[in-house]
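Going down the list, the sequences are from chains A and B.
One point on numbering: in our numbering, the residue at position 71 of the first sequence is 1052, and numbering is uninterrupted.
One point on numbering: in our numbering, the residue at position 136 of the second sequence is 139, and numbering is uninterrupted.
Each hint should be verified, as a subset may be incorrect.
Here are the simulated BS3-like pairs of lysine-lysine, each with C-alpha atoms no more than 25 Å apart in a straight line [to be verified]: (1) B:Lys33 <-> A:Lys1088; (2) B:Lys442 <-> B:Lys524; (3) B:Lys263 <-> B:Lys249; (4) B:Lys524 <-> B:Lys542; (5) A:Lys1118 <-> B:Lys293; (6) B:Lys170 <-> B:Lys80; (7) B:Lys40 <-> A:Lys1088; (8) B:Lys476 <-> B:Lys432; (9) B:Lys80 <-> B:Lys100.
No lab work stands behind these hints: they were computed from the structure.
None of the values given here were measured: they were computed from a predicted structure.
The primary structure of each chain is shown beneath.
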Amino acid sequence: MVDVLRLRDDDPVSDPAVTVDSFIEQSNAAAVRVEPGDDARQLLPHLEQLRLVEVNFPAFTDGRGYSAARILREGGYTGELRAVGDVLLDQLSHLRRCGFDAFAPEKPIDQADAEAAFGRWPHVYQAAADDRAPIWKLRHG
Amino acid sequence: MYRYDQYDQDMVDARVAEFRDQTQRRIEGKLTEDQFKPLRLQNGLYLQLHAYMLRVAVPYGTLSSAQMHMLADIADKYDRGYGHFTTRQNIQYNWIKLEDAPQILADLATVEMHAIQTSGNCIRNISSDQFAGAAADEIVDPRPYAELLRQWSSFHPEFLALPRKFKICVIASETDRAAMKLHDIGIRIVRNDQGELGAAFYVGGGMGRTPMIAPLLREFVPLDQLITYSEACLRVYNRYGRRDNKYKARIKILVHELGKDEYARQVEEEFAHLQTLGIEPPIAELERIKTYFTDPAFQAGASDDLDLSDPDFALWVERNCLAHKQSGYIVANISLKPVGGIPGDASAAQIHLMADLAKEYSFDELRVTHAQNIVLPHVRKADLYTLWQKLDEAGLGAANLDTIEDIIACPGLDYCSLANARSIPVAQKIATRFAETGKSGTLGELKLKISGCINACGHHHAGHIGILGVDRKGVENYQLLLGGCEGDDTSLGQITGPGFDEDGIVGAVETATDVYLANRKDGERFLDTYRRIGMAPFKEALYG
Ligand code: SF4
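Produce the complete structure using the sequences and hints provided.
Here it is as structure tokens:
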């Protein structure tokens, strides 16, 4: 069992996550796992019923999960969005900007290190799936 | 030129602190090499044959003299006293120690420079027309758009683990001096029928083992949707670009496999969606950036007279200088291709000197060109002779821009771990041969480009004459290509036939130029003659 680093206050969902395919076929699950090759947009019609979406990173160098996360948040998903797999300290702040609010790394990440990573960037240049105001907004209001 | 405000400075400083921490963790063994590699690459640090190479970003090729001085200081302090200017308008140092890298980045940050995303599978430094702001034929200065894209692409959280590297180029004139259509995204700022400015997007070009010329994806993207449209292009690529094979992972393959129309349809769909999210910086931000790119204080009524009585000077002016949009001024190119030298290399002393000359004679501004030369963009004609004398004294007066001596060559087997063959000695031999026979001048414009392997960092596909190093049963061998062109009428070179050894390729280049000289009609360049007469006469002379 990996430790889950959560940035949410609600209770964790304990339902096992099903694959996107089986979720689409018999959709009563509340937790689903998105693999890099899955199309996250398939989940958009069912967001109401989802409370946990895990996005798997088999290798941290495969960035498809970043787009999957933003697409879900842009589609209005408010439940837990959890990055699982090869999730490393140096990617945490970018993952968070893409909408992840929970992290289940294969190798545990020290809590203090994680907090330092989230505090790394004083500002951001782009609008993304978090609520940080981009620098252009700060410049022009 | 652009100056950082506190926000920009804070971001670059944060990056320095982050990389210092990452390097420390690597040295302590808390990060494995596999984990560290993408991090160091995105800070420009690349492991070569003998040492680390550090690639420093020169956004859209523009530098101030203070920045140029810093580049020289770094060459002296952390390298062996040299810098190497690259085909993407950046500078590389070839002998860097890992433990020095964080301090180098800190030094760079003091002059508003960095090495962010100069390597790795992310959006790279944005390139542009080296004559931006000086060229007579531009609609507007393209650099504000490049700066807007620089900020958007820096640390973009969604696009830091793309299938492969991603290169963007922005130009704003009909004449393409930046090989725009050989980029992942090439943008040309254009005016529509209503006189409004917008961006034409060419997507899916590139060199490498499958060279492709980017097709026009969209004729006109309004300026207040530039970032949003770019984001749509990138998102479709990030989701669907191939990740199963490194050599098929560039966006050109995705566009090719899907077909331009299908890729464009997907981008439009994503674009429509992203437009609802308000991710576009306001036009006021573009206007703010533009204020940094206004014309320097040109002297009104500066004289257009040039005393060309010194024949060496006259030759240099003819070969290395270009018309400026402002009367009384001229664009001066400093060739970093002295005969027998390493293309693109400059010593710390030369870099310092170019910085001083830029301060004195070019409104404090320099440019790096994708042909690995340096430009002083705004020189008063009245100062040109003095400037040239100072350059010439320092070994920077080579009058060979765009001639066969102005060779683009990648680092090749002398430095690069991927190389099949050496590039630099071949470039040196060819330049020396043509300088000795005095034929460089007779040949006129002739762009020769050399890559040490199929990755094509030396742009051999785009050379009027291209040379590709291959490995033939463990021996270095060179293929000859003819007819490539990076400009408006972009074309890819064709291989002549079997390759040559190192001396053979020098002879083969000479043979090809002889065919041209024997066949050329009035005013034709090598490329024009080749296009008219085709490959056959060249083949006949080379192998017949
Ligand atoms: S073309 Fe090949 S040899 Fe030359 S720099 Fe690129 S990878 Fe290295």
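Hints numbered earlier in the text: which of these fail when held up against the supplied structure?
6
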